[in-house]
Amino acid sequence: MISDGLPLARSIDDFLFNHGHDRIVVQLGKAAIVAKILEAERGSPLARVLEGGSTGIHGLLAETWAYRLFSFLHTGVRLDAVDALFSDLVIINFNYDRCVEAFFLLAVQAAYGLSEAEAAKAVSRLEILHPYGQVGTLPWQSKSGPQVPFGANSFDDALAGLGETIKTFTEQAHDMDEVDLWRRHLRTAGQIIYLGFGFHKQNVELLSEELRRDGPWPPSYATAFGTSGTDREVFAARIKQIACSPTGTTAGGHVVVSADKCADFIKSYGLSLFT
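Going by my numbering, the residue at position 237 of the sequence shown is 237; the numbering climbs one at a time, nothing skipped.
Derived by calculation from the structure, the hints in this document are not laboratory data. Do not rely on the hints blindly, as some may be mistaken.
Said to hold, decoys possible - List of simulated lysine to any residue pairs, SDA-like, C-alpha gap at most 20 Å:
1. Lys167 x Lys121
2. Lys267 x Val100
3. Lys167 x Phe17
4. Lys121 x Ser142
5. Lys36 x Phe17
6. Lys167 x Gln202
7. Lys261 x His174
8. Lys201 x Asn93
9. Lys121 x Ala111
10. Lys261 x Ile192
11. Lys267 x Val234
12. Lys167 x Arg183
13. Lys261 x Phe72
14. Lys143 x His174
15. Lys167 x Arg10
16. Lys143 x Val179
17. Lys240 x Pro219
18. Lys261 x Val234
19. Lys261 x Asp231
20. Lys143 x Pro131
21. Lys167 x Tyr221
22. Lys267 x Arg68
23. Lys261 x Gln241
24. Lys121 x Leu89
25. Lys36 x Phe155
26. Lys167 x Leu89
27. Lys121 x Ala110
28. Lys36 x Pro149
29. Lys167 x Ala32
30. Lys143 x Ile91
31. Lys201 x Tyr132
32. Lys201 x Arg183
33. Lys201 x Tyr221
34. Lys167 x Ile192
35. Lys167 x Arg23
36. Lys240 x Ser208
Stated by the list, open to error - Listed next, with one range per pair, are the computed distances between beta-carbon atoms:
37. Ser3 x Gly59: 21 to 27 Å
38. Arg125 x Thr275: 17 to 23 Å
39. Ser142 x Leu273: 27 to 33 Å
40. Ser272 x Ile2: 25 to 31 Å
Every residue, glycine too, gets a C-beta built ideally from N, C-alpha and C.
Start from the sequences, fold in the hints, and give me the full structure.
Encoded structure:
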């Protein structure tokens with residue numbers, strides 16, 4: 001059933017949402033998600049850089065959005081202030097992988113000549129929130145939960161049950177303290193950037209329900225590579241839905257939905273967004 005129905009869904013999360021009544025299907029689907037995420041980590045250019053040392057990021061990863069973002073973030077930040085490097089950034093990551101965490105560790109090492117432990121101290125101050133969980137924490141992270149090396153073999157007996165570290169659309173039992181934290185960051189942000197965010201209705205509702213903000217909503221930007229102009233209008237409307245007041249009126253704020261890839265978007269808008 002899974003192999004027949006999955007190709008028709010926008011994503012495996014959508015498929016599992018439709019079959020949320022079937023516990024076995026959900027468990028098998030989550031196990032498959034974990035296996036594919038770790039396989040993708042293992043086959044990524046980032047994994048090759050991790051094997052060869054931090055300086056490899058300049059060749060294999062120089063055209064990525066994370067590389068370009070970091071080039072703006074650390075401009076003007078001296079070594080003695082590196083612990084405050086990410087003080088103005090919060091990432092709400094709806095993906096299950098650990099690519100952002102792993103990349104920033106390498107970037108801080110390369111940019112400042114730090115050891116892994118020294119760089120980890122700085123990166124640990126970056127608040128990265130995973131509403132749907134992640135496939136374990138990386139060995140250098142101090143967070144609770146199973147420690148799983150980047151790109152680990154999911155068939156290792158030690159990783160059995162790792163599917164329980166992630167949630168899908170089906171499992172709407174989010175801790176309300178966590179939900180309030182995500183919404184609080186949106187309420188207090190100076191600007192909001194959606195990179196590769198699919199604007200699924202479930203996620204939009206998760207972010208927008210009972211969201212209130214004092215004063216006008218901040219400028220909001222989104223990437224929508226490979227989408228039609230009509231779909232980009234839908235994305236803009238959903239951004240405004242997130243920014244609605246309790247009475248249903250939009251609380252102001254500039255909205256830009258770009259057809260660029262994430263890396264090209266940051267290259268084009270970086271000076272205005274991050275300086």
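Violations among the numbered hints, reported as their numbers in ascending order: 1, 7, 11, 21, 23, 26, 34, 37, 40
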